[in-house]
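Read top to bottom, the protein sequences are chains A and B.
The working numbering puts the first sequence at residues 1 to 299.
The working numbering puts the second sequence at residues 1 to 146.
Read the hints as simulated data drawn from the structure, not as lab findings.
None of these values were measured; they are calculated from a predicted model.
One or more of the hints may lead you astray.
[As the list claims (entries may be wrong)] EDC-like, lysine to aspartate or glutamate: derived pairs with alpha carbons at most 20 Å apart: (1) B:K45 - B:D11; (2) B:K45 - A:E20; (3) B:K45 - B:E5; (4) B:K45 - A:E27; (5) B:K45 - B:E57; (6) B:K45 - B:E35; (7) B:K45 - A:E141; (8) B:K45 - B:D140.
[What the hints assert, rightly or not] Covered stretches of chain A (chain B as the covering partner; in silico rule of three or more C-beta atoms under 8 Å from a C-beta of chain B): (9) 18-26; (10) 90-97; (11) 128-139; (12) 239-247.
Glycine included, each C-beta is placed from N, C-alpha and C at the ideal position.
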Amino acid sequence: MSRRIRSYHEVGPAGATIPEQVAAQRERLAHRLAAVGSVVVIASGKGGVGKSALTANLAAALSARGLRIGALDSDLNGPSLARMLGVVGARLTAGSDGIVPPTGAGGARVVSMELFQDAPDAPLRFRGPEADGWVWRNVLETGTLRELLSDVAWGELDVLLVDVAPGTDRIARLLELVPDPAVLLLVSTPSEMARRVVARSLRLARDAQLRRIGLVENMIAWSCPACGARTELYERAGPSLEADGVERWCEIPFDPRLARSTDEGNPFVLAYPEAPAARAVSALAERLCAELSLSAAGA
Amino acid sequence: MAFTERQIPGDGTLAVAFRCPGCEREMAMLTNPYETKLVSGLGVKIGGRTVPEQPMELLRSNLEGGRPDVFAEAEHGEAEHGEAERGHARTLAWSPAALERLDRVPSFVRGMVKRIYADWARERGIAELTPEIMDRARTDLGLEEM
Numbered sequence: 001m002s003r004r005i006r007s008y009h010e011v012g013p014a015g016a017t018i019p020e021q022v023a024a025q026r027e028r029l030a031h032r033l034a035a036v037g038s039v040v041v042i043a044s045g046k047g048g049v050g051k052s053a054l055t056a057n058l059a060a061a062l063s064a065r066g067l068r069i070g071a072l073d074s075d076l077n078g079p080s081l082a083r084m085l086g087v088v089g090a091r092l093t094a095g096s097d098g099i100v101p102p103t104g105a106g107g108a109r110v111v112s113m114e115l116f117q118d119a120p121d122a123p124l125r126f127r128g129p130e131a132d133g134w135v136w137r138n139v140l141e142t143g144t145l146r147e148l149l150s151d152v153a154w155g156e157l158d159v160l161l162v163d164v165a166p167g168t169d170r171i172a173r174l175l176e177l178v179p180d181p182a183v184l185l186l187v188s189t190p191s192e193m194a195r196r197v198v199a200r201s202l203r204l205a206r207d208a209q210l211r212r213i214g215l216v217e218n219m220i221a222w223s224c225p226a227c228g229a230r231t232e233l234y235e236r237a238g239p240s241l242e243a244d245g246v247e248r249w250c251e252i253p254f255d256p257r258l259a260r261s262t263d264e265g266n267p268f269v270l271a272y273p274e275a276p277a278a279r280a281v282s283a284l285a286e287r288l289c290a291e292l293s294l295s296a297a298g299a
Numbered sequence: 001m002a003f004t005e006r007q008i009p010g011d012g013t014l015a016v017a018f019r020c021p022g023c024e025r026e027m028a029m030l031t032n033p034y035e036t037k038l039v040s041g042l043g044v045k046i047g048g049r050t051v052p053e054q055p056m057e058l059l060r061s062n063l064e065g066g067r068p069d070v071f072a073e074a075e076h077g078e079a080e081h082g083e084a085e086r087g088h089a090r091t092l093a094w095s096p097a098a099l100e101r102l103d104r105v106p107s108f109v110r111g112m113v114k115r116i117y118a119d120w121a122r123e124r125g126i127a128e129l130t131p132e133i134m135d136r137a138r139t140d141l142g143l144e145e146m
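Please build the complete structure, drawing on both the sequences and the hints.
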């Protein structure tokens, strides 16, 4: 005769508090996200394609339209959004509703791991057993990301932009916390290597049945400021990601001023609004507003 | 099995005792440092929480190299948050010795720790926090790590 062992959720008071505590965490997260009109995830899978710069500039472009925008840097190990939106060194207030985020350039509320660390070159380290940190480190990182979402007093937002670290696993981790974002923007460059990696992210997104996926192709070409001659930065060796059925929402030309001004905490779309790259980001902001049925004055 | 006791020796291990409500038999669960860290990384407390989860508690308790001045939560005014709605007295004093002890807490988590002590004292109608009262709170709340 087979023995029936009670499940984790059936054990008595000793274990019962753990599921309750986990459920309470989920409720807190759900409650927080209930005040957010739409979550827009900016991801790629590939590093160095300009996700964070796009997030910072998109935050500024959407804020400039009078929308209430939050920008979460979920890249815990390589944070950059605080710097790009000019809030490095800002102090945070722990209110009764959570941590109050600083307001960045353009008006978006920003949270990034960089705000919490004591040095700009500090690697992310947690206290714990020195050896075999791989056993628990990923759990702590996921818990930290959960706190950045749920314990920050984001307030009422029209859009929460989430900048995701490189690696398709990072997209999967975010989707465990935010399973149904309104939009996933997949950022790529025309390089074949980027296309291959982003194709993996696209497949992951489709497996997760995400509703809206838009392709943003960055650094597509450089235009000579003197004569306007256009130079492609990458030679396309293979098919575009559009061949995989994803719609291209935006093409952003290369402009060295974009990286410079954004790195200085001055979003490019505000500093050079007439530049082709800024106009491309602004057009993407318009497209997002249309997709999410957001009017310029608010939701 | 019912939870009876939790001990944190301070070496990263954890000991939790349980008792059978039927026969009173007791058993203990011991975890190694990795298991302890894994469970604490979930942001849960074995045996249940004695104080409500604080904002960013997991990060603030675990981050190495936290920016000392990141939190502007008032070192002396933090207790004002939510006090009115909770109906607690606002006249909680800290003895010089208690403040000195609090100053030894890393500044990255000091505000959070102070709030926990203050809430515990107010709920008991204590007017002044002293090191002795802090010891009682630590034992009562199971805050051996704070």
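Status of the hints after comparison with the structure:
Between K45 of chain B and D11 of chain B, the direct Cα distance comes to roughly 17 Å. Compliance with the 20 Å bound is thereby established for this hinted pair. Restraint check for K45 of chain B and E20 of chain A: the C-alpha separation of about 11 Å stays at or below 20 Å, so the hint holds. Using a Cα cut-off of 20 Å, the hinted pair K45 of chain B and E5 of chain B holds, with the two alpha carbons roughly 12 Å apart. Proposed proximity of K45 of chain B and E27 of chain A is supported: the alpha carbons are some 17 Å apart, at most 20 Å.
For the proposed pair K45 of chain B and E57 of chain B, the alpha carbon gap of about 12 Å is at most 20 Å, so the pair holds. Distance check on the hinted pair: K45 of chain B and E35 of chain B sit about 13 Å apart at the alpha-carbon level, within 20 Å; holds. A C-alpha spacing of about 18 Å is found between K45 of chain B and E141 of chain A, which places the hinted pair at or below 20 Å, so the restraint holds. Under the criterion of a C-alpha separation no larger than 20 Å, the hint pairing K45 of chain B with D140 of chain B is consistent with the structure, at around 15 Å.
For the region 18-26 of chain A, the stated coverage by chain B is satisfied: 5 residues place a CB nearer than 8 Å to a CB of that chain, which reaches the threshold of 3. With 6 residues bearing a CB less than 8 Å from a CB of chain B, the region 90-97 of chain A meets the requirement of three and the coverage assertion stands. Counting residues of the region 128-139 of chain A whose CB lies closer than 8 Å to any CB of chain B gives 6, which reaches the minimum of 3, so the coverage claim holds. Given as covered by chain B, the region 239-247 of chain A fails the check, having 0 residues with a CB less than 8 Å from a CB of that chain where 3 are the minimum.
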